[in-house]
Amino acid sequence: MQPIEDGERALRPLTAAVLLALLGEIGLFALLGWLCK
Amino acid sequence: MRIIDWTVLIATVLAIVTWGIWKTRKVATAESYLRGEGERFWTIGLSIMATQASAITFLSMPGQAYEDGLGFIQFYFGLPIAMVLLSWFVLPIYRGLKVYTAYEYLETRFDRKTRQLTAALFLLSRGLAAGLSLYAPALVLTAVLGWPLQLTNLAMGVLAIIYTVSGGTRAVSVTQSLQMGIMFGGMLAAFFFVLHALPPDVGLLGMAKIAGALGKMQAVDPALHVSTRYNLWSGLVGGLFVALAYFGTDQSQVQRYLGGTSLRESRIGLLFNGLIKVPMQFLILMVGVAVCVFHQFERPPLLWNGVAEQQARAHDAGASAKLDALDVRLTHAFEDKRAAALQLLSGNQAAKEILHAREEDERQVRKEARAIVRANAPPGQASDADSIFLTFVLKRFPPGLVGLLLAVIICAALSATASALNALGATSVVDFYKPWRPQATDAQSLRAARLLTIAFGLIAISFATFASLLDNLIQAVNILGSIFYGPMLGVFLVGFLFKRVRGTAVFIATLIAQACVVAFWLKSSISFLWFNVIGCGLVVATALLLQALLPPGDGSTGAAGPASSSE
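Line by line, the protein sequences give chains A and B. Heads up: the first sequence begins at 1 in the working numbering, then just goes up one per residue. Heads up: the second sequence begins at 38 in the working numbering, then just goes up one per residue.
No lab work stands behind these hints, which were simulated from the structure alone. Note that this is a predicted model, so its numbers are computed, not measured. Mixed in with the good hints, there may be bad ones.
[What the hints assert, rightly or not] Using 30 Å as the maximum straight-line C-alpha spacing, the simulated DSS-like pairs for lysine-lysine come out as follows:
(1) LYS389/B - LYS404/B
(2) LYS404/B - LYS359/B
(3) LYS37/A - LYS404/B
(4) LYS37/A - LYS150/B
(5) LYS135/B - LYS60/B
(6) LYS135/B - LYS150/B
[Stated by the list, open to error] The following residues of chain B were derived to be distant from chain A, with all beta-carbon distances above 12 Å:
(7) GLY106
(8) THR179
(9) LEU242
Note that the Cβ used here is the ideal one computed from N, Cα and C, for glycine as well.
Just need the whole structure built from these sequences, with the hints factored in.
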């Protein structure tokens, strides 16, 4: 049986990047809408 | 279309198909055909994106942004969260069990009848959708380019069948990486071309200013209204549910990320999709916004589907006269808008109100014109909004770029169809053929997988061929998809979250929920978008209730859960 390979250590920064990118995008889109009103 | 466009289109599409077939020429076992041969995260990520991006995405979304602005982007806000949840909690379960299809998990967790019921629901809904992924773009290509509808269906369907049957899952993934590159590159080129085509003093900032005055730049609506289809909250919560159901239980997506070289690669592939998806959809919507700003300076046509307009005019002289009158109104609105846009660029903020008011006039004119065409043209026409982008491409883009943009649309149609056929073939072999013929050899399973993929391909082409006979086809298939997705997600959620619920309870709950959703569809006026939530909720609630009522030990349950997440 192969050892457990979860790659979770590498996954944490990428997960944080995905969620932060989403937050940043929502913020950026909201700012864009406000600036272009 | 010019020869250079035909050359770019045919060379791009055939080169990708040939590359896919050549690259996977050594696929000779059922294992490699069904699962692939170990992909890296970028292939998985691109393949996932290409599976979701059907041709109608590229045809319809710029048109939607042209008319309603960037608000549709909110629908994708739940997707990155779904990618995180799936990569952390669901993918380890699938990979740990070494399953080929998502539905195999259900036999380990519940029993065979639950697995096959859910797999059958998938075959039915995805089988119909595969036909639509051919028919919908063919309809627009026919309307705008005058291509023969049935031949377009047949050519795209046969191409997708050839390379899917040849190399299986790996052929789909390999071609999708290239197809996604073409789609991304094509849309980027389109955006910069439209930007370049604007008057010299407009530029990116001027474009944003005019689009903002037209109300097209409002991407985020934080108000919590149940009546508005897209707002921040419906995007985050509703979009999360849709993405969880689609990416977690639809085999056409599950098959893409199960083929990773390791759990880590599959997980990163999913997260890669979560990172790229929103910016990519934003780019596609911005192309539509840019086209809209372009038409503040160049008069747009009254209707974008010229074929339907001509048919309506030929059908009734009265309708033709009404369309002429509307055309004059459009010209007046356009001239006012152009003057207001130029004033706005020179710093006159008061021009915003004129621009906004005349935009509403133009919207009203187009609404009336579309109603006239609907009443006078034969049924089964491509929608006018879906024709905006392709008509613009053909009229305004330079030679070569037209061919590239058509290649984007054909690549998207092929990639969506190929992954659907691949998943339909795999599910019917793994979840029905193998349990029925457990003694079948690897060669027999491989042959069955190929034959079933061909069979589903032919069904999809036939469905696309006769689809024009049905009225409201696109809506019908969207409704069918929503009817099945809810109960499917419910079965998996019960499996992941409620360990005490067993097979018989969830099987009966699925049948009850499915019957209820069909009854809601037939007898109530509830919007079909709610069927996902209702179906899912009904399965969970009914399964919990039934498990409490059924005698202990009834039904079967497996040991598969998050604890078994090893490879």
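### Query
Just checking, THR179/B versus chain A, shortest CB gap more than 12 Å?
holds (35 Å)
### Query
Are the Cα positions of LYS135/B and LYS60/B separated by 30 Å at most?
Measuring from Cα to Cα gives roughly 25 Å; hence the hint holds.
### Query
Does the claim that LEU242/B lies outside the interface with chain A hold up, using a Cβ gap greater than 12 Å?
Nearest chain A Cβ is 10 Å from LEU242/B, so the label is violated.
### Query
GLY106/B: least C-beta distance to chain A exceeds 12 Å?
violated (9 Å)
### Holds or violated: LYS135/B to LYS150/B, with C-alpha atoms at most 30 Å apart
holds (20 Å)
### Message
For a C-alpha distance cap of 30 Å, please report whether LYS404/B and LYS359/B respect it.
### Response
holds (13 Å)
### Query
Holds or violated: LYS37/A with LYS150/B, Cα cutoff 30 Å?
violated (56 Å)
### Query
Under the criterion that the straight-line Cα-Cα distance not exceed 30 Å, is the pair LYS389/B, LYS404/B satisfied?
holds (23 Å)
### Query
Within a Cα-Cα threshold of 30 Å, do LYS37/A and LYS404/B meet the stated pairing?
Roughly 25 Å between the alpha carbons, so the hint for LYS37/A and LYS404/B holds.
Consistency with the previously given hints fails for numbers 4, 7 and 9, ordered from lowest to highest.
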